[in-house]
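J.: Since chain A is already given, all that's left is putting chains B and C on it; use the hints.
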Amino acid sequence: MNFDVQEGEVFGFLGPSGAGKTTTQRLIIGLLRNYNGKIEVLGKERSNWGKDFYEQIGVAFDFPNLYIKLTARENLQLIGAYYKNKAEKPDEMLDRVGLLPEKNVRVENFSKGMKMRLNFIRSIMHNPRLMFFDEPTSGLDPVNAHIIKEIILEQKKAGKTVFLTTHNMTVAEQLCDRVAFIVDGKIVTIGSPKDLMIEHGKRVVKVEYQKNGTLLDQDFELKDIGNNSGFLNILKTSEIKTIHSGEATLEDIFIKLTGRNLL
Amino acid sequence: MIQIILFKNDIKQIVRDPIMALLLVAPVLLISVFKILEVFLIPFLATNTGFDITPYNAYILSFVLLINSGMLGIVTGFMMLDERDGNIAQLLEITPLGRSGYLLNRLLFASLLSIIYCFLSFGVFNLVDVPLLAIIFISILASNYTGIIGLLIYSGADDKVKGLTFAKGLNSLVLFAFTDLFSLTWLTILSWFFPPYWITLIIKSPNSPVLYGAALLVHIIWLGLLIFRYGRRES
Amino acid sequence: MRLLSATWADMRFQLKHGFYLVYVIITITYLIVLSFLPENIFSVTLPLVVFSDPSVLGLFFIGGIILLEKGQGVLMVLVVSPLRSQEYILAKVISLTIISVLAALAITFFGQYPTVNWLLIIISTIITSAIFTLLGIIINAGCNTVNQYMLKTIPYMLLFLLPCLSLVGFPYSWLFTIFPSVAALKLMLGAYHGIYWVEATALTAYLLGFCYLLLRLTVKIFEKEIVFQD
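Protein chains in written order, with our numbering: chain A, 1 to 263; chain B, 1 to 235; chain C, 1 to 230.
Chain A with its partners taken away, still in its complex shape:
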């Protein structure tokens, strides 16, 4: 497996369960020590980094890791105390993910989504340069998932690097500059979501229209479509219901590449 992630990039790591995503992430984070090959992180070989490495990275696992007997605020304070970089405005961050009213509530009384949000801000409060998120939006309702996605994009704007592991193709499509598909420990495809979607799609446009009371549909080649008389004729004479270009979704690509359904 060979890949690199640029500074300031959101990099998505996609693949079925058991493909090696977590193992790769663990290698980079440094939880697995004995490896062959080279892993260079933040300008230094991983095995040469000491514990200081962790000052510069933030990790949110797919499972909320919190002290359930402590309140939201106490959790942030406690873990935050181990970092040199102190969280500037913990309340502001709590507010951002909608947890400010519950800041003095014990985490054991939180819903799964609330725990996920707290876990997420916990991972970024020490202002790390490199972040690892594992399924950051799982268990969140659309509004809260949107907030998390917004924060990730803000981090990217601030020049931070994000390494994202997910099954959620919509999230990958919305956030990632580049994605890599992993199957059985190998990268089968790597590239920007847009490029991949076009590459794996059909160069056609599908038109759905109504004629004489019946619903019909027809595919047209994208090439030279402006001069395609059949296409233009339908546009002029029929009632158009939908028009779709035939690029693949990341979900299609995933199924095609892995031969498996999404889990």
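Simulated from the structure, these hints should not be mistaken for lab results.
Where hints are given, some of them may not hold.
[What the hints assert, rightly or not] For each label pair, taking beta carbons as the anchor points, the in silico distance ranges come out as:
| id | chain 1 | residue 1 | chain 2 | residue 2 | range |
| --- | --- | --- | --- | --- | --- |
| 1 | B | S100 | A | L42 | 53 to 59 Å |
| 2 | B | S32 | A | G259 | 56 to 62 Å |
| 3 | B | D158 | C | P38 | 40 to 46 Å |
| 4 | B | G224 | A | G259 | 56 to 62 Å |
| 5 | B | S32 | C | L175 | 56 to 62 Å |
| 6 | B | A46 | C | E39 | 55 to 61 Å |
| 7 | C | L162 | B | P43 | 15 to 21 Å |
| 8 | A | E150 | B | D85 | 43 to 49 Å |
| 9 | B | L41 | C | P38 | 15 to 21 Å |
| 10 | B | Q90 | C | I41 | 47 to 53 Å |
| 11 | C | L175 | B | G231 | 54 to 60 Å |
| 12 | B | S183 | C | T29 | 18 to 24 Å |
[Unchecked claim] Over 10 Å on every C-beta distance to chain C, these chain A residues come out as not near it, computed from the model:
| id | residue |
| --- | --- |
| 13 | E55 |
| 14 | G98 |
| 15 | N168 |
| 16 | S229 |
Note that the Cβ used here is the ideal one computed from N, Cα and C, for glycine as well.
T.: Same frame as chain A, now just chains B and C:
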């Protein structure tokens, strides 16, 4: 029927997990340690300090019984706490077995063991002359005590560490097996409310129907209250 | 300072889980029982109570604490934070030792033991508590349930506590002092019954050396079994 299937599963789980299987052996180990102490330490004390332990035999036996039953209760309590952490308890509670079935199953298993170890203890320590009927009755009380300790841990603690804190505190309950020694009125009256006191008393005077009744009453009230509490608790 | 923060966090955790409360209750229980004992038994029993309960409480609790942190996933977060394994372990040792020392002092003080070397009580309690807490962390590696942990402690307890019987005295029984538990118990008894300062110093030095080696070993095992999953 479901009870039997689950019971079989329990035994499977225990046999497959060598640690659990060993844990069943732990009481045997404990009994052995006490036996070794009895064989070596008592003569040693007698020759070196002239201390005669015979008057305290009933207390020692009671102590061994209570420690064993208590330990089985603690193990069951932690087993149930672990199952709650692993959401297995939740799963079993929504099967036809139900909440009460789950509880019954868990406690029954430990209580049965408690009875077996009770007989074993009486066999190994022939310190006191107790008629068979009394041994049977005491073994029932001991199994009851196992249930009480298991339930106290399970319903009192909401995580493993709290469970440990509880177990630590519950160990002090055993002290009530000895309060009879001091013949202080206030202490005796206080002790009436605690099961260990009665087990010692019955070993000391195994032919008193009044004691039997009182002991059973105290045990049943404890167990009943705890089961009632368990039933009312929201899961 | 990270170690201080971690220790403070552990103390708060222990307070919330009722450790302090349960030790107040246990101490009072012991005091009541001790008050009933005749003088000659009391003078032997009190030091043994201090040695067998407050001093080894770390062994009893540490298994559950680490299992809980593992279960809640907090341990993973600490692993990917700048907190060093050694700091994590020391914080556990220090926080639990504080309870040990407080309980030991309370039992001795309120038990009104006549002859006491307070400094030695503190030293021997700290050392004993540290040894047993570290031992607990070593035993804990590879355990998934409290029951597993409690079972695994049995052989270690036997290994540490059976040699203590050597203190009753027989030819060459002093050789058993090589067992840290025996050395610690001698130091503890010395705090109550008197001890030559040369012997106390030698025992303390030996035990401190043992503690240091045990700490190094604990860090190594902790990193191998819990931090890194390779």
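J.: All hints are to be evaluated individually against the structure, with a verdict given for each.
T.: Here is what the structure says about each hint:
Here the CB-CB span from S100(B) to L42(A) is close to 57 Å, well matched to the stated 53 to 59 Å. Checked against the given bound of 56 to 62 Å, the beta carbons of S32(B) and G259(A), roughly 59 Å apart, stay inside it. The supplied range of 40 to 46 Å is met by D158(B) and P38(C), whose beta-carbon atoms lie about 43 Å from each other. Restraint check, G224(B) to G259(A): a C-beta distance of roughly 60 Å satisfies the suggested window 56 to 62 Å.
At about 26 Å, the CB distance of S32(B) to L175(C) disagrees with the hint of 56 to 62 Å. Take A46(B) and E39(C): their Cβ atoms lie about 21 Å apart, and the range 55 to 61 Å is violated. At roughly 18 Å, the beta-carbon separation of L162(C) and P43(B) lies within the given 15 to 21 Å, and the hint holds. Evaluation of the 43 to 49 Å hint for E150(A) and D85(B) yields a failure: the beta carbon distance comes to about 34 Å.
Taking the beta carbon of each, L41(B) and P38(C) are about 19 Å apart, inside 15 to 21 Å as hinted. Range check, Q90(B) to I41(C): Cβ separation about 50 Å, and the 47 to 53 Å hint holds. Under the hint 54 to 60 Å, the C-beta atoms of L175(C) and G231(B), about 58 Å apart, fit the expected range. For the hinted restraint 18 to 24 Å between S183(B) and T29(C), the CB-CB distance of approximately 19 Å keeps it satisfied.
At roughly 5 Å, the least C-beta separation between E55(A) and chain C is not larger than 10 Å, which violates its mark as non-interface. Every CB of chain C is more than 10 Å from the CB of G98(A) (nearest about 22 Å), matching its label as outside the interface. The Cβ of N168(A) sits about 21 Å from the closest Cβ of chain C, beyond the 10 Å cut-off, so the non-interface label holds. Its beta-carbon lying about 62 Å from the closest one in chain C, S229(A) satisfies the requirement of being farther than 10 Å from that chain.
Hints 5, 6, 8, 13 from the list above are not met by this structure, while the remaining hints are.
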